[in-house]
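Novice: Quick note, the sequences are listed as chains A and B, same order.
Quick note on numbering: the numbering used here labels position 58 of the first sequence as 58, and the sequence is numbered without any gaps.
Quick note on numbering: the numbering used here labels position 47 of the second sequence as 1047, and the sequence is numbered without any gaps.
Hints should not be assumed to be uniformly reliable.
In silico lysine to any residue, SDA-like type, Cα no more than 20 angstroms apart, as pairs [stated by the list, open to error]:
id, chain 1, residue 1, chain 2, residue 2
1, A, Lys110, B, Pro1266
2, A, Lys110, B, Lys1086
3, A, Lys144, B, Thr1322
4, A, Lys110, B, Lys1058
5, B, Lys1072, B, Thr1144
6, B, Lys1086, B, Met1311
7, A, Lys128, B, Gln1017
8, B, Lys1058, B, Thr1366
9, A, Lys110, B, Thr1322
10, A, Lys110, A, Asp76
Just so you know, the hints here were simulated from the structure itself, not pulled from any lab data.
Each chain, letter by letter, is given below.
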Amino acid sequence: MSTKPDRIIIRLEKVTRIYKVGVESIHALDGIDLQLRRNEYVAVMGPSGSGKSTLMNILGCLDRCTGGTYFLDGRDTTRLGAGGLARIRNTQIGFVFQSFELLGRSSALKNVEMPLIYSREGWWSRRKRAKKMLERVGLGDRIKHRPNQLSGGEKQRVAIARAMVCGPSILLADEPTGNLDSKTSEGILALFDQLHSEGQTIILVTHEESVARHASRIIRMTDGRIFSDMSFEQDRANRASLNGRFGEMSK
Amino acid sequence: MKAILAAPLLFLRLLYQSVYLALGQIWANKTRSVLTTIGIIIGVASVTSVIAALTGLKAKVLSDFESLGTNKIFIIPHWPRTGRFKHFSWRLYRFHPQQFEGLLERCPSVSDYTLMTERTRTIRYGVRSIDGARVYGINPSWHTIENRSVTVGRPFSLNDEQNGWQVCLITPSVRDQLRLDRNCTGKRIVVGERSFRIVGVVDKRVESGMFGQMGASEEVFIPFPTAWKLWDPWVYAIACCRKPGLSEEAKAELRFFLRQTRRLEPGDPDTFRMEVIEEYLKTFNRVAMGITAVAGGVVGISLLVGGVGIMNIMLVSVSERTREIGLRKAVGARPSAILLQFLVEAVVLCLFGGLVGAGVGQMLTTMIAKIPHANLQMAHIPLWALGISFGFAAAVGVFFGMFPAVKAARLDPIEALRHE
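Working from the sequences, and respecting the hints, build out all of it.
Specialist: Right under this line is the structure:
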């Protein structure tokens, strides 16, 4: 794996995703072109129904596009079978969900170990790596706790540790702070910032501008298309000017 | 080479990983798992104990048969219903001792034989007497065929035979009823009208519980030539095969030999018949196997019912853990891994049930063996029954676990993660 920071890791070419509901077909994604470099921190924003979840599912190889091609780390994923996609999800992608999705009956350690089971790690190295990862997210003293003994923020940290334990190329987070209060959210976002500074590529889906502020690049979507794609500074300037215009109009 | 080894190795790792996950899941749901397996436990317990009881019954009957001697061939004169012997007198087709001369040389599969004749006689000693005692005429070879030991005195010898002496062996019950000394050799008793000198005491016959009392236990044995001379009797013979499996050969040789010595023409029917206990044994064995299979199968239906219980709970488990399945798929579990996880869980549940069931079955068997007068003391679980009920339990697990497991493996991860 090359560590060249400007290497393109994700390339979407005219990606479409069409859902068939009865006779109607819904274009959830309508020709997306997108390129992501290693160590980018991207926030995907947009109203609900804009296709950002579908985009996340396709980026995370949970779903297949109905048209176009998706290269992940130079590999055409549209040609892979279910087993190949599972392997990619296991080794290249880490998921963080809004509702944590931890196994309630298992300890934090077991939860973090889980992806390693599927990458056929031995019992001992599994434990070691999971422990190390939990220490990295600041939960070294909580490895034996079950999810119901952890706070919301701690749960999400466990989930992040689980997503990171296989050393994924990209970390996909779907509204990671949606179920957290603002103070805890700041902690989680600080953790993302830290991971980003350590070289992790992060893609974040969110509604909240305050969350998106942490990202270096902001992609806004509507109706299955990318409507703006620019750096955080440009985006802010753009928003300000738009707001200004709306402000004038409202006057 | 490496490629050939890789596939089974991969499967083993997958299996190990599934067992690991399944055991964890079962441990997490202890109460439910135990309740679920009750069906299997009852099934395996009933199958094993029913088979154990039937096996015990069979073993008892067989051992009773065996006490009669399995490699013995009874040769009995037989009056044919057709042919030229139809109107012959019994004296003409009964056995004469001369007809058996040279039998051992001509019949290599027969290790020994004895001529037999029996009468019921009154025995007296002084003022005491026994009515209805059985008196047998026997050859000395009887001792090796019947395997009854002489506890006092000596067995018959060729001398007794050749000289036609009036000597006898008695059973302990004769001795006791006539109030003879423990060592009663040399004493003379009256059998019928004649006086016989006791040369020894022979053990009483092995009683078989299954067939009940087989004749009086008051027995007196006298040399066959003496009996022949005295009674001019009806005779039968007991031959003994060299090895247990040789009865067919022995019978063929005996038939050939006897047809010759009895001067039968090629078209004549046999004027004797032969009965081998081994044959009855084989028939009985077949019948017993059939009964065991049918009873085991009927009871085995309860295992199927247990299997349905497993399927039910696995289906509940799959729908309850839909989100978990989605998550596992999202972090990289292949469909095969999910399938195997749920399948192994079902099979492990069944095998656990099988293990406990076998234990309960063993307990039931011990209890069955203790039922008085039921002739089931020999009840035990044969190894094959354990194997079958375990194999069947595992098969039930695979069969009934397959549907829920496939259902789990086919779940779409996105749908599964959205599931409430």
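Novice: Compare the structure with each hint and give your call.
Specialist: Each hint tested on the structure:
{"no.": "1", "hint": "Lys110(A) <-> Pro1266(B)", "result": "88 angstroms, violated"}
{"no.": "2", "hint": "Lys110(A) <-> Lys1086(B)", "result": "92 angstroms, violated"}
{"no.": "3", "hint": "Lys144(A) <-> Thr1322(B)", "result": "25 angstroms, violated"}
{"no.": "4", "hint": "Lys110(A) <-> Lys1058(B)", "result": "54 angstroms, violated"}
{"no.": "5", "hint": "Lys1072(B) <-> Thr1144(B)", "result": "12 angstroms, holds"}
{"no.": "6", "hint": "Lys1086(B) <-> Met1311(B)", "result": "71 angstroms, violated"}
{"no.": "7", "hint": "Lys128(A) <-> Gln1017(B)", "result": "18 angstroms, holds"}
{"no.": "8", "hint": "Lys1058(B) <-> Thr1366(B)", "result": "16 angstroms, holds"}
{"no.": "9", "hint": "Lys110(A) <-> Thr1322(B)", "result": "19 angstroms, holds"}
{"no.": "10", "hint": "Lys110(A) <-> Asp76(A)", "result": "33 angstroms, violated"}
In the structure shown, a violation is registered for the earlier hints numbered 1, 2, 3, 4, 6, 10, in ascending order.
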